[in-house]
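Given only the sequences and the hints, what does the whole structure look like? Please build it.
2 is the number of the first residue of the sequence shown in this note's numbering; add one for each residue after it.
Please note that the accuracy of each hint is not assured.
[What the hints assert, rightly or not] Calculated pairs, SDA-like style, for lysine to any residue (alpha carbon to alpha carbon, straight line, at most 20 Å):
no., residue 1, residue 2
1, Lys707, Ser599
2, Lys283, Gln265
3, Lys283, Asp245
4, Lys588, Glu620
[Said to hold, decoys possible] Now the in silico label distances, taken between C-beta atoms and shown as ranges:
no., residue 1, residue 2, range
5, Ala85, Leu350, 33 to 41 Å
6, Ala302, Leu760, 42 to 50 Å
7, Pro281, Glu514, 21 to 29 Å
8, Glu229, Ala85, 47 to 55 Å
9, Arg433, Arg335, 56 to 64 Å
10, Gln534, Asn232, 43 to 51 Å
11, Ala616, Gly574, 27 to 35 Å
These aren't lab readings, by the way, just hints derived from the structure by calculation.
Virtual Cβ for every residue (Gly too), placed ideally from N, Cα, C.
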Amino acid sequence: MKNDTKHGKQAGSDMPGKGHEAAHGEDRNAGHGKGHEAARERDTGQGKEGHAGHGDHGGHGGHGGHGGHGGHGDHQDHHAHMAADFKHRFLVCLVLTVPVMLLSPMFKELVGLGSFLRFSGEMWPLLAVSTAIFVYGGKPFLAGLVSEVSERRPGMMTLIGLAIIVAFGYSALVVLGLPGRTFFWELASLIDVMLLGHFIEMRSVLSASSALTELAKLIPGEAHRLDESGNAHDVPVEELVKDDRILVRPGEKVPADGEVVSGQSSVSEALLTGEAVPVPKKKGDEVIGGSVNGEGSLTVAITRTGDESFLSQVVTMVRTAQESKSRSQELADRAALWLTIVALSAGGLTMVVWWGIIGSAFVYALERTVTVMVVTCPHALGLAMPLVAAVSTALAAKNGFLIRNRSAFERARALGAICFDKTGTLTMGEFRVARVTLAEHPTGPSAEADARTDARTGSETQDGETPGEDAEEAGPKPLDEDELLRLAGAVEAESEHPIAAGVMRSLADRGLEAYPREEFSAIKGKGAKARVQGREVAVVSRAFLEEEGIELPEALAQGEGRGRTLAYVVVDGRPAGVLALQDSVRKSAREAVRVLRSMGIRCIMITGDNEETAARVAEAVGLDEHFAEVLPGDKAAKVEEVRKRGLVTAMVGDGINDAPALAAADVGIAIGAGTDVAMETADVVLVRSDPADVPAMVALARATRKKMVQNLFWATGYNVVAIPLAAGVLAGQGIVLSPAAGAVLMSLSTIIVAVNARLMRMHRPGRPDRADRADRPERADDGD
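Listed below in structure tokens is the structure:
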């Protein structure tokens, strides 16, 4: 069942402009509408003021947030301090344990020393040294006991604290005259083992989250900032602000996120995104702070610093995920609480049975009781999941998977279906005009329009007459392909929509420029229009033509089909031509889908594209099914439809354009986030635009679950066996645990859980078809 937070995210994520989805029958047109709105603001000048405000970057004062890594550093320092503290207490107590053992009558009898070091009043120095061990070595456990009791959440510290209090208190009373024997050497060995076990545990916890420490250390201490004359000056990284220009020399680390303004090089982002192959960088490309420059020098303009930086966001996100608790972790915590209650009850019952019912000596009954409380290990149960979660979250971050919602990530192990967005996910998202079909009727600029243009420039015909005199007789000129593209480009200029980008890309391929435009407006969900050279030009979907009752000429109708995305160009209310755009399937998409299907996961595509285009891509990739011609607001409904089949469902798409669908899914996966990792609706963010990361993420989720189950099995099984054994159920067969032996077993139980969690670091979330990680496009059709 989905959690409430996901519904909350969905409610607020239906953004204005998303209705442009079907503008060209394509599935990422949400961004198109949004891009057109932004373009309109630029045309009218409305966007300039806001842009200036952004340039103000008032948050720079907050660059102190660069110390945002320090939050994690403080967290790490706390664990490091605890580990050092346990180590120091262990070494001191270990030295003090030697005289305790040499003075303890029980220990001397056990090892055959007999009368060795026997003297009058020997119990008093034994009590003194044991008191030092109890106070200094037992302090962390006694403090933990007070804390757990005050919070009414008894746990491991409660059990250990009570055990050492009982052992020390009873032994001290014996020294003062109470009949019985002392437990001083058992007390000393018990505290020693506990301190050693906690030291090893702290080291394991530190190791589990060491990936974050490595990330935080990637940023260099200094940067080469360029002044207005182009001279480089070394400054602390903390002094960098937005728009500063810096020089990154060969082999150096990039000190902050930015955009390359000059130079070419290859940059290694392996420690940031998991991408082993160096990424080529040139003017206009983005670089990430902490990445390592290759053989060339780069001049970079700073775009983000401090808490806004990619690295800071990753560290914060991973730390938050590690500290958050999934439902299964909460269940384990409750189980640990109940185990503590069971141990306390079992200890009391053991005392009653051995002393009150069987009639054994009080000393023996007390020994059994102390052993029961010591051997019980709710801590192993409590650590079983958090340590695995910490390791897997850090491991995911190193491989470019950023976990925002641990519960959703754990649900990924049980996925039955994955719904994919098409553009930019399964395909490259780089459209180009593959074919231009013109209408038969003349739709080009008329002779009258040419006359007006010539009149403005003062040009004349060869016989000295102005061209406008016979304009009406000349009539309109027919458009050619280049003219149609230039008109369409005028409408689509500055839009971020993939179709618009495809038109502009094709113009550039032909060495053409779009005409200037005016009076731009978006047609919500259907396209956009503008006034170009005195004419009304619209680039729209087939749905717009049908709604407006615009009849499509036979020549254009014949241009439909072949599984391409179509954009219709309408000039002055008449269809002038159709642009058939084509995207390329990612080569890694086919292998990713194959691997997912082999894992028993049904692969589905949801797209706003027409049926023929959707079918072409679905066949090329090897999908189980697809939904075509789906508007932006309907994608979430399609995800719900798949969920109603009883399948745990994930949605893979753009973290912005597909926000409602991501929120509606059991697991929302934002792919191709790049450095924009703060996506509220995504449960898991994949930094790369690589479908191969999806099965790798699912494999990591399954490996995480497997490791958690192993730890839970061990922690539960250990306690089921250890508690009865400590209570003395096999005493009749001569099998009896001493308190010290119980302490050893308890510590081993915790250490085994910690070490098993660390083994997760050996997991390699391999991506299928690694040779194709460069995402070479694979054409899904064979051209015209």
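These are the hints, each one checked on the structure:
Restraint check: the Cα-Cα separation between lysine 707 and serine 599 comes to about 19 Å, which is no more than 20 Å; the hinted pair holds. Taking the CA atoms of lysine 283 and glutamine 265, the gap is near 5 Å; set against the 20 Å cutoff, the hint holds. Straight-line distance between C-alpha atoms of lysine 283 and aspartate 245 comes to about 18 Å, which keeps the hinted pair within the 20 Å bound. For a cut-off of 20 Å, the pair hint linking lysine 588 to glutamate 620 stands: about 13 Å separates their Cα positions.
Distance hint check: the CB atoms of alanine 85 and leucine 350 are about 39 Å apart, consistent with the given range 33 to 41 Å. Between alanine 302 and leucine 760 the Cβ separation comes to about 44 Å, which falls inside the hinted range of 42 to 50 Å. For the hinted restraint 21 to 29 Å between proline 281 and glutamate 514, the CB-CB distance of approximately 27 Å keeps it satisfied. Against the hinted window of 47 to 55 Å, the Cβ-Cβ separation of glutamate 229 and alanine 85 comes to about 49 Å, which satisfies the hint.
For arginine 433 paired with arginine 335, a C-beta distance near 57 Å keeps the hint of 56 to 64 Å intact. Between glutamine 534 and asparagine 232 the C-beta distance comes to about 48 Å, which sits within the given range of 43 to 51 Å. Separated by about 33 Å at the C-beta atoms, alanine 616 and glycine 574 satisfy the suggested range of 27 to 35 Å.
Hint compliance for this structure: no hint is broken.
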